[in-house]
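Those sequence lines, one after another, are chains A and B. Going by our numbering, the first sequence opens with residue 1, and the numbers climb by one from there. Going by our numbering, the second sequence opens with residue 1, and the numbers climb by one from there.
Any given hint might turn out to be false.
Stated by the list, open to error - Covered, in the sense of this in silico footprint (three residues per stretch, anywhere, with C-beta under 8 Å from a C-beta of chain B), are these stretches of chain A: (1) 41-52; (2) 179-191; (3) 220-234.
Keep in mind that the hints were calculated from the coordinates and are not lab data. Glycine residues also receive a C-beta, built at the ideal position from the N, C-alpha and C atoms.
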Amino acid sequence: MFDLAVPEAALAGDGARVLGMLVRFGFRGIAISVTSDGNLNKSKPCQIDRSKYAAMLEKAAGDAVVPRASPPLLAQANSDLPRSLAATTFDLFTRLSVVLDNPSHNYSISSGSPIVASYDILAVHPKTEKLFQAACQQLEVDIVSLDMGSRLPFHLRHPTINAAIQRGVHFEICYAPAIRDSTARRHIISNSAALMRATKGRNIVLSSELVQAFDLRGPHDIANLAALFSMNQAQAMAALTTNVRAVLLHAATRRDTYRAVMSMEASGIPGAPGETPDDHENPDARPGSAARKWKAARLEDQDFISFDDLGGDEDPMDM
Amino acid sequence: MVRLKTRYLLCEVLFEDGKVQDGATAYMLLNALKDSIEANFGDVGLGAVAASIQVKYFNPLTGMAIVRASRDLAPMVWAAATLVTALRKRTCLVRVVHVSGTIRLLQRRAIEFNRDAVRLLRAHKVLAAAECEAMAAAEEARVAKLDA
C-alpha cells in the first residue's frame with residue numbers, strides 16, 4: 001500500500017515521526033512530492049535526497065522495514081526478491097507536482113525534459129478547463145490532481161475523463177484536507193461525488209497530501225472514509241492498491257520506454273539476484289538509463305546483415 | 001426473533017503529545033466521537049447513533065478502545081472516528097484495528113494488541129518492567145470480563 005502524495009515540506013518538520021507512523025499503519029511506500037509552477041525550464045532537477053529519508057526511516061522504524069532509496073517502478077521487478085524481503089521493503093519514490101495555470105508552459109512538460117525525467121512520477125494540477133482537457137488528452141502525465149478542497153471551477157465532462165482513462169492517466173483524491181478543515185471536507189465530498197460519477201470509479205487514486213504527522217490515517221480507515229466520497233469498499237481498496245500500482249506502471253512506461261521498447265532496472269537491494277555491488281556508483285544503473293542508451297544509439301554498418309552472411313544453400317521455400 | 005446486531009470496533013487512540021499520564025477517560029472519548037458525528041453527520045446522525053454508541057473500554061496508557069455501535073451504523077461511527085482530530089484539545093487520531101460482530105472474538109485480538117502496546121511502552125521506557133507485567137495482566141482480565 002503506497003501513499004502517493006507526501007509533500008517534502010511535511011517530512012522537513014518531524015519527518016521521522018511521519019515515516020514511523022506510515023510504517024506502523026501498514027504503508028510500504030511513499031512518493032515524496034515537490035510542487036512547482038508550470039514553467040519547468042526555470043526549475044532544477046530533483047533535489048530530493050532519498051538516502052536521507054531512508055536513513056530517517058531506519059531510525060524511525062528499525063528493522064520492521066527495509067527502505068529502498070531507488071526502487072523499481074514496476075512490480076514485476078520485485079519478483080526476483082526473496083519473499084521475506086518483498087513483504088518488508090519500503091519504497092521511496094519521488095513525485096513532481098506541476099501547477100498548470102498557463103497554457104504556454106504545456107510544452108515543457110514532456111518526457112524528454114531532464115527535469116521531468118529526474119522524478120519518478122509526474123502529476124499536474126490544472127486550474128482551468130482547457131488545461132484540464134490538455135492534461136487528460138495530450139500531456140504525458142501520470143496523475144491529474146484537481147484541488148478537491150475548494151469549488152471546482154469547471155464541470156467534469158465524460159469525453160475528457162474517458163480520454164484520460166484510456167491513456168492510463170489517474171485522478172487523485174486527497175483525504176488529509178478533509179481531516180483538517182471542515183469547508184474542505186464539504187468540497188471534497190461534493191467534488192468526489194462528481195468525479196466518481198464521471199469516471200464510474202475507474203482510475204482513482206487515494207492519497208494523503210498531509211501537512212503534519214497526525215493527518216495520516218490507516219488504509220482501512222481511509223477505505224471506510226471513502227464511503228463518504230461516494231466510493232464503495234471495492235473501489236476504495238482498488239484506489240489504495242491496484243490503481244497505485246497502475247500509476248507506477250504508467251510512470252515506468254512514460255520514462256523508460258523508447259518507441260515501445262521497455263527497459264528493466266535492477267532491484268536496488270544489495271544481495272538480490274541481478275544486483276551487482278557497485279551499481280550505485282555505476283551511472284548506467286540509474287533509472288531510465290537503458291532507455292537513454294536506446295535514444296542515443298545510431299545505426300552502424302554492422303547492424304545491416306547481408307543475405308550472403310546468413311549462410312545455407314537451401315531455399316527455405318523448398319519443402 | 002428479531003436480533004439487535006452490533007459491531008464492536010477495536011480502536012487505537014494515538015496522542016500527538018505522547019504523554020500517557022493524562023486522565024483521559026472512556027467518557028471523554030465517547031464525547032469526542034459524538035462531537036465528530038454531530039459535526040459530520042448532523043442531528044440526524046447523532047439521533048440515529050445516540051442510543052447504540054458506547055465506549056466499552058478505554059485505556060489511555062496503551063491507547064486501546066473498544067467502541068460498540070449497532071451494525072447498520074458502524075460504518076458511520078467508523079468514519080466519524082477517523083475524522084476525530086482531538087480529545088479535549090489534545091491532538092489525537094483514532095485508528096480502527098479490528099471490527100467484530102461479537103465481543104468474544106474481539107477479545108482475542110484485543111489481548112494481542114494489548115501485549116504489543118505494553119511491549120512498546122516498556123521499550124520506550126514509559127513504564128518499568130514490573131509495572132508492565134502488572135498492567136498487562138490487569139488489562140487482560142478487564143477485557144476478558146467485557147463479555148459478561
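Here's how the hints hold up against the structure:
no.: 1; hint: 41-52; result: violated (count 0)
no.: 2; hint: 179-191; result: holds (count 4)
no.: 3; hint: 220-234; result: holds (count 7)
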